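S.K.: Read off the chains here:
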Amino acid sequence: MNTIPAAAADGRRPSGRDLSERALGALLLAPAALLLLVIVVYPIATLFWNSLHGVDNANPAAGEQFVGLKNYLTAFEDSRFWDSSLHTVLYILVTVPGALVVGLGLAMLANMPFRIKWPVRLGLLLPWALPLVFAGLIFRWFFEYNTGVVNDILRRFGVEPLQWLSDPNLAFAAISIAIVWKSSSFMALMLLAGLQTIPKSLYEAAEVDGATKWQQFVEITLPMLSPALFVALIFRTITAIQTFDIPYAMTGGGPGDSTETLAMYIHKTTLDFLDFGYGSALAALMFVLSMAATSGYLKYTRRSSGRSGED
Amino acid sequence: MSEVTLKQVVKAYGRNQVIHGIDLAIGSGEFVVFVGPSGCGKSTLLRMIAGLEEITAGEIAIGGTVVNDMPPRSRDIAMVFQDYALYPHKTVYENMAFGLRLRKAPDAEIRARVGEAAGILQIEHLLERKPRELSGGQRQRVAMGRAIVRKPKAFLFDEPLSNLDALLRAEMRVEIKKLHQKLGNTVVYVTHDQVEAMTLADRIVVLQAGNLIQYDTPDGIYNRPAAQFVAGFTGSPPMNFLPASMGEGGRTIRLPGGVDLPVPARRVAECARHAGREIVFGLRPEHIGIARDGDASHAVVPGRVMLVEPLGSDTLGLVRLGAADGAGEMTGRFAPDAGIRVGQGVPIGLAIDHFHLFDKTTGVAIRGADW
Numbered sequence: 001m002n003t004i005p006a007a008a009a010d011g012r013r014p015s016g017r018d019l020s021e022r023a024l025g026a027l028l029l030a031p032a033a034l035l036l037l038v039i040v041v042y043p044i045a046t047l048f049w050n051s052l053h054g055v056d057n058a059n060p061a062a063g064e065q066f067v068g069l070k071n072y073l074t075a076f077e078d079s080r081f082w083d084s085s086l087h088t089v090l091y092i093l094v095t096v097p098g099a100l101v102v103g104l105g106l107a108m109l110a111n112m113p114f115r116i117k118w119p120v121r122l123g124l125l126l127p128w129a130l131p132l133v134f135a136g137l138i139f140r141w142f143f144e145y146n147t148g149v150v151n152d153i154l155r156r157f158g159v160e161p162l163q164w165l166s167d168p169n170l171a172f173a174a175i176s177i178a179i180v181w182k183s184s185s186f187m188a189l190m191l192l193a194g195l196q197t198i199p200k201s202l203y204e205a206a207e208v209d210g211a212t213k214w215q216q217f218v219e220i221t222l223p224m225l226s227p228a229l230f231v232a233l234i235f236r237t238i239t240a241i242q243t244f245d246i247p248y249a250m251t252g253g254g255p256g257d258s259t260e261t262l263a264m265y266i267h268k269t270t271l272d273f274l275d276f277g278y279g280s281a282l283a284a285l286m287f288v289l290s291m292a293a294t295s296g297y298l299k300y301t302r303r304s305s306g307r308s309g310e311d
Numbered sequence: 001m002s003e004v005t006l007k008q009v010v011k012a013y014g015r016n017q018v019i020h021g022i023d024l025a026i027g028s029g030e031f032v033v034f035v036g037p038s039g040c041g042k043s044t045l046l047r048m049i050a051g052l053e054e055i056t057a058g059e060i061a062i063g064g065t066v067v068n069d070m071p072p073r074s075r076d077i078a079m080v081f082q083d084y085a086l087y088p089h090k091t092v093y094e095n096m097a098f099g100l101r102l103r104k105a106p107d108a109e110i111r112a113r114v115g116e117a118a119g120i121l122q123i124e125h126l127l128e129r130k131p132r133e134l135s136g137g138q139r140q141r142v143a144m145g146r147a148i149v150r151k152p153k154a155f156l157f158d159e160p161l162s163n164l165d166a167l168l169r170a171e172m173r174v175e176i177k178k179l180h181q182k183l184g185n186t187v188v189y190v191t192h193d194q195v196e197a198m199t200l201a202d203r204i205v206v207l208q209a210g211n212l213i214q215y216d217t218p219d220g221i222y223n224r225p226a227a228q229f230v231a232g233f234t235g236s237p238p239m240n241f242l243p244a245s246m247g248e249g250g251r252t253i254r255l256p257g258g259v260d261l262p263v264p265a266r267r268v269a270e271c272a273r274h275a276g277r278e279i280v281f282g283l284r285p286e287h288i289g290i291a292r293d294g295d296a297s298h299a300v301v302p303g304r305v306m307l308v309e310p311l312g313s314d315t316l317g318l319v320r321l322g323a324a325d326g327a328g329e330m331t332g333r334f335a336p337d338a339g340i341r342v343g344q345g346v347p348i349g350l351a352i353d354h355f356h357l358f359d360k361t362t363g364v365a366i367r368g369a370d371w
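Residue numbers (my numbering), protein chains in the order written: chain A, 1 to 311; chain B, 1 to 371.
Honestly, the hints are just simulated from the structure, not real lab data.
Some hints could be false.
Stated by the list, open to error - Just some of the chain A residues that point at chain B, by a computed CB distance under 7 angstroms:
hint: 1; residue: PRO97
hint: 2; residue: GLY98
hint: 3; residue: GLY158
hint: 4; residue: GLU160
hint: 5; residue: LEU162
hint: 6; residue: ILE198
hint: 7; residue: SER201
hint: 8; residue: GLU207
hint: 9; residue: ASP209
hint: 10; residue: PRO227
Unchecked claim - Just a sample of chain A residues kept apart from chain B, beta carbon distances all over 10 angstroms, derived:
hint: 11; residue: THR46
hint: 12; residue: LEU86
hint: 13; residue: ASN111
hint: 14; residue: PHE172
hint: 15; residue: MET224
From a predicted model like this one, the values you see are computed outputs, not experimental measurements.
In this text, a Cβ means the ideal position worked out from N, Cα and C, and glycines have one as well.
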């Protein structure tokens, strides 16, 4: 019988080597850490610093005085902040579930045994690959009053054309449609990856067990897809908080401020009004909102990695 | 009444026909095993019975009802899959109860039937677990449990043991056989493992390239193979084959190296029809041994031991038949105390009554009316 030295048996190495390995580890991590520091930590820190100071580039002579929480207090009394936040929440409430339903449908379509798969896959990828602003411009043309395709179709059916982009409610609807179209392909890609991990034999077993197609969807597809659904939902929610490009390209926030999102208001405050201090405070508030959504996601992944390899 | 009958069943994918018109009658309560190499169509045939594959032509009936256009759920069958196909998000209990729940069975009945099935399979202590918490053998039992709670007309097994290690496979084989003896349902079982086929089946269906080659009892498959393919498929080590030619009048068989063997008198008439033709001579290892004096049942050929493989219970010896160049070699099964050694010259006895002869081109067995 072989005997194993105790030190080797418990897998520990001599402590001198421990130190040099740690140094090597730190050295290998350094470039990535430095990069994160420069492009993530520094801007965020600057943002918070700005939010606590009066940084008004329209009036540089005023200097950068420390103002404490004044910028935040201003935000809470600013009806445009509340309006744009409400619009953002409405977009989240409408477009996230919308994209989820459309994306799930597309994913299931793409997962069907088509003989030629690439047109379906391309159809899925195309909206995702298209820059957001282009998508916004395309949909602005679709919903344009005189020459847009949507009103053209309405006219052909004898319906009065609608003021899509000049009516607050219709503009909200038009923008939501554009966002759902644009974001559902990303949803679909994530859900398709989830669908493809479900073994075909489960559906066959369910079919033999007596499940109809609908029962198979409810009893097999949905529960098996729930991790992918959850991740897709969180990802989509985080990006929906930052909704900017599509409403910016379609209405510029109009008519009035009726379709303006928080991200658009921040953009206006900082880049149009050059009020970096107040803009930073607004951005910090949005950051908190995003973090709240992200922490939900992190909590979920920690929970699921705790039972890794189970499903 | 749960017999399964197939009439001229054909399966084609586009122009590619994979099952070429199979007729089969499986009696109620019978355990029938489909066996054959990969790609012979055995799984496809099973899946057609299950309703998971469409039937291109022909007719399948279960319990007297033609099921061609019925979905699987209406066929009153249960299936055990190769990968078990347990629902990962459901407990063992829910897995087993699922089929009954879909059929809107009352809760009390579901509980009773799941409990009964769990008792038979000794998995009562696992009912609250998820499949991921089970070992391979336990998953296998749950998959069988899910099938038996439904009390279907027929059980369909698709290579259920192929994911288990050899020891567990032997154990589960016994379990399946016991289960069938206890429940007495009709079973259709697919495997590529001839040992599973031989040990489990009441009757075996041997398939090759989408054709039914032989449908017979294990004894018939082993001792009276209808074709060289069937003969070579069963037994371990498998049957020995040598190219041979049929002598004048069908009275002798000439093996390579000029060795002549006598044809048993009762088979001469049939063999005479093949006189002068090239044939294939087959003999199982257990019908090759050291010749004993005055034993008329064996043809004696001078042999030389080329290779010895002791297995413990018996010893396999590769022997050369005859001394000439190009003489044929066959593996024989010898008693461990026979003391054969490599290089040793021994008279070899070949059991005349167990000669298998096959047409060289078609592979079909050459046999008389009485054989």
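S.K.: Starting from the hint list further up, note which numbers the structure goes against and sort them upward.
M.R.: The structure breaks hints 1, 2, 3, 4, 5, 6, 10 and 15; every other hint is satisfied.
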